[in-house]
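Respectively, the protein sequence lines represent chains A and B.
Counting from 2, one number per residue, gives the positions in the first sequence under the numbering used here.
Counting from 87, one number per residue, gives the positions in the second sequence under the numbering used here.
Rather than coming from a laboratory, the hints here were simulated on the basis of the structure.
None of these values were measured; they are calculated from a predicted model.
This list has only true hints and no planted wrong ones.
Subject to a maximum C-alpha distance of 30 Å in a straight line, what follows is the list of computed DSBU-like cross-link-like pairs (lysine-lysine):
| hint | chain 1 | residue 1 | chain 2 | residue 2 |
| --- | --- | --- | --- | --- |
| 1 | A | K419 | B | K284 |
| 2 | B | K269 | A | K134 |
| 3 | B | K266 | B | K284 |
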Amino acid sequence: MLAQLIFLVITLAGVAFFTFNARKVIRNIKIGRPAQRNDKPGKRWMTMLRVAFGQTKMAKRPVPFLLHLVVYLGFVIINIEVLEIMIDGIFGTHRVFAGLGGFYNFLIGSFELLALGVWLACAIFLIRRNILKLKRFSGVEMKTWPKSDANYILITEILLMTAFLLMNAADAKLQALHEGHYLSAGSFPVSAYLQNLLPSSTSSLILLERVCWWFHIIGIFAFLNYLPYSKHFHILFAFPNTYFSNLEPKGEFNNMDSVTNEVKAMLDPTFVPADAAPGKFGAKDVNDLTWINLMNAYTCTECGRCTSVCPANITGKLLSPRKIMMDTRDRMEEVGKNIEKHGKDFQDGKALLDDYITREEIWACTSCNACTEACPINIDPLAIIVDLRRYAVMEESVAPSSINAMLGNVENNGAPWKYSPADRLNWANQE
Amino acid sequence: MEFKVPTMAELMAMGEEPEILFWVGCAGSYDERAQKITRDICKILHHVGIKYAVLGTEESCTGDPAKRAGNEFLFQMQAMTNIEVLNAYNIKKIVTGCPHCFNTIKNEYPGLGGNYEVIHHSQLIQDLINEGKLKAEGGESFKGKKITFHDPCYLGRGNGVYEAPRKALEVLDAQLVEMKRCKTNGLCCGAGGAQMFKEPEPGFKDINIERVEEALTLQPQVIAAGCPFCMTMLSDGVKLKDKEQEVKVLDIAEITARANGL
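Can you build the whole structure from these sequences, using the hints too?
What follows is the structure, given as structure tokens:
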């Protein structure tokens with residue numbers, strides 16, 4: 002009875018703390034400007050099914066795709082086991098689904114195989130990061146916390162899977178001893194090999210089984226609550242993020258309605274814009290970005306596929322699309338903390354542009370869309386870069402001098418170079 | 087040129103309308119290397135007998151570089167002015183010689199009142215081949231030559247056009263080889279996003295060199311391009327690598343025109 006009470010308290014505390022943090026995350030995303038992405042729901046659901054559930058964009062790199070697939074399936078399927086643990090925990094039962102008989106054996110057997118798969122995949126991931134030191138996982142933005150974050154996640158997953166398998170091994174051994182409520186249920190294709198490593202005394206086995214059981218479930222709640230502090234949030238955000246992804250051709254940049262109003266008014270003085278107050282053009286800080294940009298930032302799991310294909314980054318420029326997303330998240334969380342401490346209208350004198358993302362970075366982008374194509378969950382770093390450029394050019398008139406010269410040419414003679422419009426057809430009279 | 091390139095103003099004066107407007111673009115109008123491509127596109131149009139016209143001095147920058155550089159005002163000024171001209175001429179279909187113009191007019195003009203069917207010149211060539219109006223005969227033979235195609239970002243990833251330029255090359259009976267980074271994985275030439283008009287930021291290499299080095303590993307005789315900016319970047323890269331004698335950088339339109347002896 003006491004165990005059930007403790008379980009209930011832990012569960013409620015875990016859920017409550019996650020809700021508390023999730024609300025902060027939602028508040029932070031709402032710092033962003035509104036944006037409409039509710040059109041074509043059918044196409045959006047399909048995109049989510051294909052890209053997030055189906056992981057189609059991961060397949061471009063077969064090795065990480067397969068390893069990640071095992072972890073993903075493990076995460077989704079082993080959670081059926083968590084359901085059993087929850088029911089057992091609350092009602093004080095043991096293996097409540099055992100009544101399913103042969104199907105239960107099949108389930109536990111598959112969980113074990115998946116658990117082994119997850120264990121191995123995470124071990125390989127750790128090796129790739131820390132021993133093989135894959136280039137994709139390094140870079141200026143991958144020092145300190147982001148580096149530890151990735152390792153903590155992988156180690157936790159290994160520990161959780163170890164606890165799950167040890168729990169099963171102890172359980173099976175107790176079943177063989179016909180001990181108390183350890184009724185004969187489940188098949189143990191993996192943990193059977195661990196049984197010999199375990200002590201043979203009943204009391205030690207029960208202790209081990211209980212410790213692993215509690216570790217597994219507390220570990221899962223801890224992991225859930227770690228998400229809001231971690232890059233691992235993608236396991237939840239991948240779904241809304243792909244649903245709200247950009248469905249237009251990648252080459253298309255949005256036309257700013259606020260500018261359309263001004264331009265129409267310039268060309269036609271009788272024009273009266275439908276909605277006044279254009280506000281700021283482009284983005285200087287996170288509150289100038291849209292909530293979709295900000296959700297993108299929470300979704301990013303820092304895998305670095307974007308940066309590894311970025312032509313600027315490949316050739317040694319400062320720009321890294323992954324850093325754009327990480328900076329956006331860091332700044333958003335800083336603004337969120339400011340709101341908590343000092344109220345909604347507090348200004349800390351800092352901004353995303355310059356304090357996090359430098360001019361050198363935004364001007365190195367070729368807008369080639371390699372990053373958006375590479376992202377397995379449709380994050381769009383380019384949209385943020387463009388909005389920062391818009392602020393620099395339209396609000397501050399600050400751009401590299403050659404860009405200013407080009408803009409001047411377009412304005413004065415309708416071409417990015419200094420040629421006379423009268424000479425535009427000269428090519429037709431040559432050769 | 088052996089024939090006169092008709093302008094919209096002239097056709098209108100005669101009370102005629104073209105089947106298609108050829109949007110030349112700034113590079114195609116002023117850049118010496120790109121002018122050759124422009125003339126070749128006209129030669130192809132003339133050869134197959136499509137009724138076409140250009141805007142001539144009435145054409146102006148689409149606003150693409152301004153938009154990519156963040157100057158939305160200038161972009162929309164350019165766009166609205168151009169749309170006014172295009173709509174006044176009752177234009178329905180446009181072929182562009184540049185993927186940047188193609189992308190801008192196709193995707194960004196409709197929201198500002200400019201609705202046209204827009205194709206890139208590689209798509210025009212593909213259509214003409216499919217319709218049997220264009221072959222690869224009567225000119226230079228590319229048979230067996232090793233050709234690799236560099237995907238322009240705003241044609242490929244930007245708009246999903248990967249097959250049209252390859253179709254134009256397939257009819258040559260040449261040996262088409264792909265770079266490792268091709269199609270959706272294509273590497274930018276380094277000129278997009280208004281980079282064409284500025285010096286690159288500090289790094290250890292220029293992007294066009296990275297790309298040309300990749301192309302040269304295939305030891306091609308021709309690097310095929312579909313964009314005047316890529317043309318500049320790739321040609322510069324080949325020059326810097328001192329491979330001008332062995333490797334030619336040619337546009338899809340130039341290759342088509344040459345293969346047909348135009």
